[in-house]
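Could you put the whole structure together from the sequences, leaning on the hints where they help?
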Amino acid sequence: MEVSVDRALCYGSAECAHRAPDVFAFEDGYGVVRPAAVRAVGDPRIREAVLEAAEKCPSQAIALRELREPAAAPGRRTGGPGERDVTRAPE
Numbered sequence: 001m002e003v004s005v006d007r008a009l010c011y012g013s014a015e016c017a018h019r020a021p022d023v024f025a026f027e028d029g030y031g032v033v034r035p036a037a038v039r040a041v042g043d044p045r046i047r048e049a050v051l052e053a054a055e056k057c058p059s060q061a062i063a064l065r066e067l068r069e070p071a072a073a074p075g076r077r078t079g080g081p082g083e084r085d086v087t088r089a090p091e
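End of the sequence shown = 91 in the numbering used here, gap-free, step of one.
Treat each hint with caution, since some may be false.
Unchecked claim - Just the calculated beta-carbon pair ranges, DEER-fashion:
#1 11 <-> 68: 28 to 36 Å
#2 28 <-> 68: 29 to 37 Å
#3 42 <-> 11: 23 to 31 Å
Because the hints were derived from the structure by calculation, they are not lab data.
We put the beta carbon where it would ideally sit given N, CA and C, even for glycine.
Right under this line is the structure:
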C-alpha cells in the first residue's frame, strides 16, 4: 500500500500520527508519512491503523493506493494451480 498526505488539504489535527504512529509523524504543523512506512504497512496491525487514520482524518488529506502485481500478458498463463487459459473460448 502506498500512503501519502496532501499538505494542501492537511490542517494539522495530528489524528494520523495519533492513530498510526509507526507510519505518520507530525512535523511543522502537518502530518507526514515516515520514510520507513512502506515496510511497516505490510504488518496487518499497522495496516488497519493506517486505514482507520485515513477514514478518521478530518481534512481527508490521506491518500491510500493499493500496489498490485503486474497482470500477466494476454494469452500467457502464470502457472498457478487451478488457472485456465482465458484466451480460449470455454468448452
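Hint by hint, which ones does this structure get wrong, listed from lowest number up? none
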